[in-house]
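A.B. asks: With the hints as extra help, turn the sequences into a complete structure.
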Amino acid sequence: MDAGPVLPRRRVGGRSARVRRAVLDATLIELGQSGYAALSVESVAARAGVHKATVYRQWPDRERLVTDALRQVSVEELALPDTGDLRSDLVGVAKVVAEQIARPPVTALIRALVAAGPQLPAFRDTARTFWTARFARTGAVVRRAIERGELPADTDVPLALEGLIAPLYLRLLITGGELSEDFLVRSVDLLLDGLAGARTSRPPSAPPGRGRPRCRSASRTARRGRRSRRPAGRAGPPPRRTRGRSSR
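Residue numbers (numbering that gives the first Met the number 0): 0 to 247.
Keep in mind that the hints were calculated from the coordinates and are not lab data. As the structure is a prediction and not an experimental result, all values here were calculated from the model. Please note that a few of the clues may not be correct.
What the hints assert, rightly or not - Cross-link-like lysine to aspartate or glutamate pairs, in silico, EDC-like; alpha carbons within 16 Å at most:
#1 LYS51 with GLU177
#2 LYS94 with ASP188
#3 LYS94 with GLU76
#4 LYS94 with GLU41
#5 LYS94 with ASP81
#6 LYS94 with ASP153
#7 LYS51 with GLU41
#8 LYS94 with ASP181
C.D. replies: In structure tokens:
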């Protein structure tokens, strides 16, 4: 019985996809070992096991190579926690971000963006796209906290995320300290203290930047509280005696 024509088996990915992945992985490794200034298409091709002409056909220069490597990193999925508690979720996000940026090739890519980004428009545009997509995804952690009532509805989600990851990048790129779990937890607690302070620093109806009258009112309240806590026997000066004719 004729079973009909046999269809060719569809290949997943294909050679071009494998070559592309190999070249971009090689780019990240070369960045980690040599830095952006010493990066060359020839060294990337040799590490990827392809002819340099293959690389030049898709990436005419190293700027486009590194830009595509950044795009490849940007599509990596971060495992976002959903524990039902803001503090636990933020600690989880800090951990997965720290694990990613501490990988030597990714660290080298970040250093290249910081060093050469201002002079290379393609880097700037790709980095902006990367952070927009990353904040849109990780912002779900903050938005869920708003829905649960853990944060006010007017919380600035991108600013909160910047406050979460900024200490990680500072320690990675500037101070060179370890991205330890203790550091991540203390950074999250510091952020939460700031968010709580922002919630109580102004009336709910007042726009940001109009908190100074509130501060003056709080100062007057504090002064009244200090006067009311004077120790016994020091109730203040006696009433002032006035001179004048007494009423008949």
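A.B. asks: The structure should be examined with respect to each hint, and the outcome stated for every one.
C.D. replies: Results of checking the hints against the structure:
1. LYS51 with GLU177: It is violated: about 38 Å lies between the C-alpha atoms, which goes past 16 Å.
2. LYS94 with ASP188: With a Cα-Cα distance of about 14 Å, the restraint between LYS94 and ASP188 holds, given a limit of 16 Å.
3. LYS94 with GLU76: Holds: LYS94 and GLU76 sit about 14 Å apart, inside 16 Å.
4. LYS94 with GLU41: Cα-Cα ~36 Å, so violated.
5. LYS94 with ASP81: 14 Å, holds
6. LYS94 with ASP153: 26 Å, violated
7. LYS51 with GLU41: 6 Å, holds
8. LYS94 with ASP181: 11 Å, holds
The structure fails hints 1, 4, 6 (numbered hints given earlier, in ascending order).
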